[in-house]
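Undergrad: Here is how the chains run, residue by residue.
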Amino acid sequence: MTFFRPGFRHPDLPPNEAGYELRDYEGGISTLCAGCGHDSVNAAIIRACFELAIEPHKVVKLSGIGCSSKSPAYFLGKSHGFNSVHGRMPSIATGANMANRDLIYLGVSGDGDTASIGMGQFAHAVRRNLNMVYIVMNNGCYGLTKGQYSATADKGSIGKKGEPNQLESIDLCEIAIQLGAGFVGRSFSGDKQQLVPMLKAALSYEGMSFVDVISPCVTFNNTPGSTKSYHWVREHREATNTFDFVPFRQEITTEYAEGKTEAVTLHDESVIYLHKGDGNLQITDRRQAMDALEEHKRKGLILTGILYVDPEGEDTHVILHTTKRALNALGEKDLCPGNDALADINDRFR
Amino acid sequence: MTFFRPGFRHPDLPPNEAGYELRDYEGGISTLCAGCGHDSVNAAIIRACFELAIEPHKVVKLSGIGCSSKSPAYFLGKSHGFNSVHGRMPSIATGANMANRDLIYLGVSGDGDTASIGMGQFAHAVRRNLNMVYIVMNNGCYGLTKGQYSATADKGSIGKKGEPNQLESIDLCEIAIQLGAGFVGRSFSGDKQQLVPMLKAALSYEGMSFVDVISPCVTFNNTPGSTKSYHWVREHREATNTFDFVPFRQEITTEYAEGKTEAVTLHDESVIYLHKGDGNLQITDRRQAMDALEEHKRKGLILTGILYVDPEGEDTHVILHTTKRALNALGEKDLCPGNDALADINDRFR
Amino acid sequence: MKRISSVNDCVIRFANVNGSGSASANNLFAKAVFRMGVPVSPKNIFPSNIQGLPTWYEVRVNDQGYIGRRGDVDMVVAMNGQTMLRDYMDLLSGGYFIYDSSRQLADDFNREDVIEIGLPLTSMCNGAFENPRMRSLLKNIIYVGALAFLLDMEFSVLTESVEKQFRKKTKLMEPNLKALHMGYEYAREQYPDVCQLKIERRDKVGDAIMMDGNTATGLGAIYGGATVVGWYPITPSTSVIEAFGKYADQLRVEKETGRIKAAIVQAEDELAALGIVIGATWNGARAFTATSGPGVSLMNEFLGLAYYAEIPVVLVDVQRAGPSTGLPTRTQQSDVLSCAYASHGDTQHVLLFPASPYECFEMTADAFDLADRLQTPVIVLSDLDLGMNDHLSPPLVWDDSRTYDRGKVLNEEQLLGLQERWGRYLDVDGDGICYRTYPGTSDKAGAYFTRGSAHDEYSVYSEDAQTYEKNMQRLQRKMETAVSMLPAPEIFCENEGGRIGVIYFGTSSHAAEECLDRLNREGIPVNGLRVRAFPFHQQVSDFIDRHDKVLVLEQNRDGQLRTLLINECEVVPQKLISVVHYDGLPLASRTVYSMLADALQKAGQHVSGDDRNQGGAA
Amino acid sequence: MKRISSVNDCVIRFANVNGSGSASANNLFAKAVFRMGVPVSPKNIFPSNIQGLPTWYEVRVNDQGYIGRRGDVDMVVAMNGQTMLRDYMDLLSGGYFIYDSSRQLADDFNREDVIEIGLPLTSMCNGAFENPRMRSLLKNIIYVGALAFLLDMEFSVLTESVEKQFRKKTKLMEPNLKALHMGYEYAREQYPDVCQLKIERRDKVGDAIMMDGNTATGLGAIYGGATVVGWYPITPSTSVIEAFGKYADQLRVEKETGRIKAAIVQAEDELAALGIVIGATWNGARAFTATSGPGVSLMNEFLGLAYYAEIPVVLVDVQRAGPSTGLPTRTQQSDVLSCAYASHGDTQHVLLFPASPYECFEMTADAFDLADRLQTPVIVLSDLDLGMNDHLSPPLVWDDSRTYDRGKVLNEEQLLGLQERWGRYLDVDGDGICYRTYPGTSDKAGAYFTRGSAHDEYSVYSEDAQTYEKNMQRLQRKMETAVSMLPAPEIFCENEGGRIGVIYFGTSSHAAEECLDRLNREGIPVNGLRVRAFPFHQQVSDFIDRHDKVLVLEQNRDGQLRTLLINECEVVPQKLISVVHYDGLPLASRTVYSMLADALQKAGQHVSGDDRNQGGAA
Ligand SMILES: Cc1ncc(C[n+]2csc(CCOP(=O)(O)OP(=O)(O)O)c2C)c(N)n1
Ligand SMILES: Cc1ncc(C[n+]2csc(CCOP(=O)(O)OP(=O)(O)O)c2C)c(N)n1
Ligand code: SF4
Ligand code: SF4
Ligand SMILES: [Mg+2]
Ligand SMILES: [Mg+2]
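Protein chains in written order, with the numbering used here: chain A, 1 to 350; chain B, 1 to 350; chain C, 1 to 618; chain D, 1 to 618.
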């Protein structure tokens, strides 16, 4: 149990633009193991929501089952949350989003929850480009059921039981890019510098924002032979880019040198400024993104950063051509055609 | 109902090396619509098995639910078959294969059966590189339930009901390559010249051989606006390569010019000879394969041919380190440790 | 030979090949009978494939309004070579055999007691029409024309029907009219005075409509205010969603933008379909899904979640013959048990049993109120026969003063006005139903964390034994509350001193009630009750109590409704006699009569009537 | 103050924080009691998380061999600050409260009727050991040492246990021994003659073993010849597969190659897990899966397929508290109904109810024969209490002359020798069970096409109504055949003239039988029957018939076994009185006694005994 909340808590931080304090974004006391990566991700979520000045009750938290899926209980205590069943968060999120397009949907899942039992739902929520943030807290194992390898465990990685994993791993970012997610990023629970702005960008994107956060399981998969341990990830990650995220309301204060920085403007006029390193990955190009992921994997490296953004992507509501009003706000007047219309219909069946 | 069997039936074809005639590989009379692409694929399967001189009862046919999944009833009447439930063929195939590694497992599925309800099972059978041939008869729609778009329907493609499909399509070959299938190919039901040798190579490969066959649904999705119609596919396909498949028992008779032909030797010593065109795709390279698929898609073309082969791939049994003997052939002697061993175990619990 | 002779009382079976366009021609015929004011009931008995296999369409014409299947055939229109001999053999003695005489009948067609009526359909078509596809379609129209003559129908009703149908496709109207005439003329010339079956205009259908149950269900969802649909195609439920979609496109369009006030999501499978519904209703929309048996099996886990986390769900199960894939295009009532107790652990679900399109509409619309009020899944148990066949039904009605009852939902103002701390699972009213809030309601109050794991009254995770138990008891209480909200059973007939009752539901009702009429007419006092919902109303127990024996008629092997009755009404099992029929065909009154007679005999009630249908009396 | 005083009859509860290594120390204690020849029964009551939440370990010591939970506590070892006060309050009057006196007790620990025994564990550990992780682990060992003194146990049994445990990790042995001694010495110095609970050597366990049910189940699968496993992790079933895997690594290794004669596939979910089993058994291997409630819900569709296509399945359901995610680490018997009738359509499944590790082993091994013989799913219904807690059990035995009964399978020779055409679903023996073949058998005969859709006797697709119905009737016949193959119920006691009976199954048996003993001792003649399988044996009906009233004791809310009994044995519901307990904790004899007493009173049987447990008599 982590009574201690990792990182950056500033007791005298001023309230954000919406008038909320940091603690308005906090949740219940975590019952995860002390040092669990998931708690750091939770802290980053709290921070990102605070900094974006999202009204806390305008967020809907959703999850499946697993240690990671418990997380939503530990952040945003003023938001409604739904801890559903194993692997089925995406469909719940789809329904919720269809019902009310005006809220922000934040799904948290685990690698077991998403890459195994939830593979189908994950793939199809991505394919529909559902407007949500989908975070996988990826520890390469099933924490809550005591450490079995998950489908994202790398081949040869060695967990607590000592037997190396024999199966190929699934790269959820690659799959997400391939299946049409509008925004795809990868980060590390131990890197709040990267994670917080990435989550802010993800929260601002309209469509499926998929974020795979490597989040070590200290109890079952933080061993020297594990490629999802703190140590390993720290040593083997490489950022595709560094970036600044500027929410639309905010004034742009930094000057960016021509040519060295690329701006990607999202639907809501927020901007991601990418500072190009030697990677030179064009993040609006699916093929480059997938190729870069494969390339790094071959070198034994973990590519992190924002991997792909489609600033033009259409979300499910656009695809389905649904009304812009929240469906759950419509009443009889809007929904019920009345008895006269029914009489007409009856006539057609005579 | 197709009483007529498409293509190449030679009444006086001599028996194959194993002594079987072509009709030993045939099945029941098809109840699919006249002209359905699936029937051509069935004919190609019959032909491939005949030409490879596989003993028909050494093949196990498996399927899910759909018009495509009915197909196994129409070929290989001397083989055991299992028409299971919707989307679950891969797990049945996994169990069957685990029970007896000595038979050949030939799974037939549809695009609905695989890319929607079966997505999870498909992904994981592929990831385990299960030793089987997995054929998707891909018509971009749900034939048996009367033509709804499936997840492989291309965005903008127009089926019988006239409304264009709004969602991005899933490219099963790309997913298969990404998830670790050892052999991946794409073909067209209307092209037996390509399909028959591709199936022969797939049948000879040890590991997951995934073959996506575009197989038009004449009743619901053969419209002018459909990208899975006979007409469209004929006009828009491009072969990555042409190839010869030489089963291991067969003498090599052709001389191949140095540099222009590449040989890929499979586990059983069969060889695929690839004749390079301008594509120059290295079929043992995942990245090239995925990139070529994306490239063609962008151009509005359908890339066909053998897309990827990993001649080294390890199948599930190798990964699990199971005995080389068929598990279903083991009896008490092999399986039951006897009462003395049990007495020892009891002792450990005192 | 005695020819079958009747007025407005016959069964005509059409034997065709599927994919040949026959169903719409046959429906044209049935519709014409209906338009002549005569009760009629068509049953489409089709195969699980798309093209080329045998399919039958059975039309019962019955003046007295008995619209169940009858079970035997007076006339067959035998258009399918594969089944022709069997169709011939199945005819009642004195019946009429209509066939395509372009080819001669084989020698085994040698019954003496059958009237053979040959129509050279192929030759006629080939002579009259060019387009090969049209030729095969119009063959069907020709025989409809011939029937009109043979049965002495008002020909104008048919021509008007065709005109109506092709109003917008005038190119097709002309050949269809021509084909109708050809058939009529040919029969008039060749077969005057041959057929003694007649259909005469009556005024027996009143303002009834002829609609399939699935259309009515889809409309019920429109009127009930459903906005989110998660679904996955499966016969025989697909047309529920198609109907919803069609009417949403007509009636739910936002004028200014052309956008739709509904989101219909074709899910990747049934698990996701129900997940979408749960997510949507939890978030304050009305949502539903429709499926059939295999889908229900896949939805088990989510149904348990919805029960335990108390989330409204409307699920339409259009039953087909199980188990497993079973007979996908045949009807059954065999998901009763699996729906009532779906999912592991202690669960129970509300079931509604519509018996007509009218009730499909009404119960579906009501299901949304019920689900919202009870905060639990409500399953509408329809079936293939009801869902996919046209039924004579009272017209659909909507009370325009009706408002949606969203149950116990608190808004921000109400939350802030509360005297006590709000608890999502706090039973303040003692009826087992608690107050919920929608996401986004307020940043000051009302947020809670929904879960399928155990929770206390404030929806906080809890492993406390008493907390768990108390919550489970409340859920039980909620089901008791449910009873009072559910539609009461319908007593069909109750004789003073009748010792024996019959209980039935859904599509078993037509045959049951026809047989009850007959039994009572024959002086055998048998009473009937139609169950309309589960958990059962007190009246159901009372009915059972009042009788010495009760026959339970249903369309499944294991007597599933009977199991529910025994278990939930605490009835002595021996008192309930199972009368089951489960071969996948719509229940036929002829069969039911003989099954009931047998059962009555066993129950000690002498039955004299013979088990054959006589002149439409049964 | 009266101190509780007893010999070999007490309940000691350990209250810890999970993830702190306490369970193995507590188990060391329980094992030591067992090794002193005294019956003992530990219950681990743990939370659904990995680290940091309250966990309890309750050890009942009972000379008379009553190994169910008792339900109240004589001594508590209170190591968890979060629950300490509650643990203190829950003690019986005259009980003993052991705590870490490194910190002082707060003021509210003010009971006059409790003996407080402080052990300065933290200080002692800090003084004696360096390594911080070791310190916290060894705290647990110190209190075990202290208990040894307080309870007057043979200290050598403990030291030997530690030596045995750390045989291969000698580095750890020494500090553990040291800690044991420290505890023992401290108690001897500070608390001589304080505790009047004693544990003395006896010879009451014979050759029994102490094993958890899941290990026994895993071994049953090894001995039963399972070679293919499809599974997905879920508490509390995971350890079944872990046990199978562990013993496969030991006992199923191919000497020459080091390869394993088994394939254990961790599936992507429960649907796939069962699919793997079905594929494997269809292909002639023995295969099984283990899961818990949520898994069973997900397996519904496949269970229907296996029933209808007649494919052997062995499914172990280690039940936990439902519905939905429920209480994942608490026990219940609430999947009875959902397993018995799993899936849509008319289905029924064979259930086995083990009540001890011995039976877990035996019934699992037998399940493979049964599934092969019946060609249908066989579900072993264990539960968390049985599966994950150590139980005193007769040693496992295997008859080396036993061969696997693979049921009706034809090989090539047999096929070719047949006089008549072979049909996969042809009931030649009249018992509803047909002959099957494995894939690859022959190129001349025996191939067939398996399907979940309707089929004729030759496994050809058929939509014929009679064919369908006949097949469904045969499946019903098969279930009747099953009864004779299933384990008969066990009569626990039967008094001449006893009017009242109690029926129970699985882990309800311990408490039930303890209470039956007590009632009978008190002169109240109550009879007991333990059900071991479904569909029920005739003896079950007979037992019910013989009694005026029968109480059905089970661990679920809705009386699910009772439902099955009423429905399948056609019993008058009023005759069966539901006695249910479902709070997730293992059934306690104290609770059961008072529930039974209440029920007996209602059933018209006067009970004089008070409902509190007295000196271990109950
Ligand atoms: C249907 C179902 N199957 C299995 C389980 C058991 N289960 C709980 S959590 C979990 C895996 C969690 O792994 P992951 O999603 O990676 O989360 P982590 O605990 O590693 O954060 C499993 C298998 C379940 N609750 N429900
Ligand atoms: C669980 C379940 N859901 C739905 C169905 C209905 N169903 C039958 S076939 C099919 C789709 C088939 O599409 P596809 O796999 O593409 O095969 P095709 O008919 O196009 O060859 C569906 C949804 C079913 N049989 N089972
Ligand atoms: S078990 Fe692993 S994933 Fe779960 S809380 Fe502990 S460290 Fe985190
Ligand atoms: S409906 Fe389409 S897929 Fe099915 S058999 Fe006909 S043509 Fe083939
Ligand atoms: Mg994980
Ligand atoms: Mg398809």
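Worth flagging that the hints you see were computed from the coordinates, not collected in a lab.
The reader is advised that the hints may include incorrect statements.
Said to hold, decoys possible - Dumping the calculated DSSO-like pairs for lysine-lysine here, alpha-carbon to alpha-carbon at most 27 Å:
(1) B:Lys146 to C:Lys470
(2) B:Lys297 to A:Lys297
(3) D:Lys575 to D:Lys602
(4) C:Lys470 to B:Lys155
(5) A:Lys324 to C:Lys602
(6) C:Lys168 to B:Lys146
(7) A:Lys78 to C:Lys408
(8) A:Lys160 to D:Lys168
(9) D:Lys261 to D:Lys169
(10) B:Lys58 to B:Lys297
(11) D:Lys602 to A:Lys161
(12) C:Lys549 to C:Lys575
(13) B:Lys161 to C:Lys470
(14) C:Lys444 to B:Lys161
(15) B:Lys58 to D:Lys444
(16) A:Lys58 to C:Lys470
(17) B:Lys324 to A:Lys324
(18) B:Lys160 to C:Lys164
(19) C:Lys164 to B:Lys155
(20) D:Lys575 to A:Lys161
(21) D:Lys198 to B:Lys324
(22) D:Lys408 to A:Lys160
(23) A:Lys155 to D:Lys444
(24) A:Lys146 to D:Lys168
(25) C:Lys255 to A:Lys333
(26) D:Lys575 to C:Lys602
(27) A:Lys146 to D:Lys261
(28) D:Lys444 to D:Lys408
(29) A:Lys155 to A:Lys299
(30) C:Lys169 to B:Lys146
(31) C:Lys549 to B:Lys161
(32) D:Lys168 to B:Lys78
(33) B:Lys324 to D:Lys575
Undergrad: Taking the hints in turn, state whether each one holds.
TA: For each hint, the structure was consulted:
{"no.": "1", "hint": "B:Lys146 to C:Lys470", "in the structure": "violated (49 Å)"}
{"no.": "2", "hint": "B:Lys297 to A:Lys297", "in the structure": "holds (25 Å)"}
{"no.": "3", "hint": "D:Lys575 to D:Lys602", "in the structure": "holds (12 Å)"}
{"no.": "4", "hint": "C:Lys470 to B:Lys155", "in the structure": "violated (52 Å)"}
{"no.": "5", "hint": "A:Lys324 to C:Lys602", "in the structure": "violated (64 Å)"}
{"no.": "6", "hint": "C:Lys168 to B:Lys146", "in the structure": "holds (24 Å)"}
{"no.": "7", "hint": "A:Lys78 to C:Lys408", "in the structure": "holds (21 Å)"}
{"no.": "8", "hint": "A:Lys160 to D:Lys168", "in the structure": "holds (19 Å)"}
{"no.": "9", "hint": "D:Lys261 to D:Lys169", "in the structure": "violated (30 Å)"}
{"no.": "10", "hint": "B:Lys58 to B:Lys297", "in the structure": "violated (38 Å)"}
{"no.": "11", "hint": "D:Lys602 to A:Lys161", "in the structure": "violated (55 Å)"}
{"no.": "12", "hint": "C:Lys549 to C:Lys575", "in the structure": "holds (5 Å)"}
{"no.": "13", "hint": "B:Lys161 to C:Lys470", "in the structure": "violated (53 Å)"}
{"no.": "14", "hint": "C:Lys444 to B:Lys161", "in the structure": "violated (49 Å)"}
{"no.": "15", "hint": "B:Lys58 to D:Lys444", "in the structure": "holds (12 Å)"}
{"no.": "16", "hint": "A:Lys58 to C:Lys470", "in the structure": "violated (32 Å)"}
{"no.": "17", "hint": "B:Lys324 to A:Lys324", "in the structure": "violated (61 Å)"}
{"no.": "18", "hint": "B:Lys160 to C:Lys164", "in the structure": "holds (24 Å)"}
{"no.": "19", "hint": "C:Lys164 to B:Lys155", "in the structure": "violated (36 Å)"}
{"no.": "20", "hint": "D:Lys575 to A:Lys161", "in the structure": "violated (53 Å)"}
{"no.": "21", "hint": "D:Lys198 to B:Lys324", "in the structure": "violated (57 Å)"}
{"no.": "22", "hint": "D:Lys408 to A:Lys160", "in the structure": "violated (45 Å)"}
{"no.": "23", "hint": "A:Lys155 to D:Lys444", "in the structure": "violated (44 Å)"}
{"no.": "24", "hint": "A:Lys146 to D:Lys168", "in the structure": "holds (24 Å)"}
{"no.": "25", "hint": "C:Lys255 to A:Lys333", "in the structure": "holds (13 Å)"}
{"no.": "26", "hint": "D:Lys575 to C:Lys602", "in the structure": "holds (25 Å)"}
{"no.": "27", "hint": "A:Lys146 to D:Lys261", "in the structure": "holds (26 Å)"}
{"no.": "28", "hint": "D:Lys444 to D:Lys408", "in the structure": "holds (19 Å)"}
{"no.": "29", "hint": "A:Lys155 to A:Lys299", "in the structure": "holds (14 Å)"}
{"no.": "30", "hint": "C:Lys169 to B:Lys146", "in the structure": "holds (23 Å)"}
{"no.": "31", "hint": "C:Lys549 to B:Lys161", "in the structure": "violated (53 Å)"}
{"no.": "32", "hint": "D:Lys168 to B:Lys78", "in the structure": "violated (57 Å)"}
{"no.": "33", "hint": "B:Lys324 to D:Lys575", "in the structure": "violated (58 Å)"}
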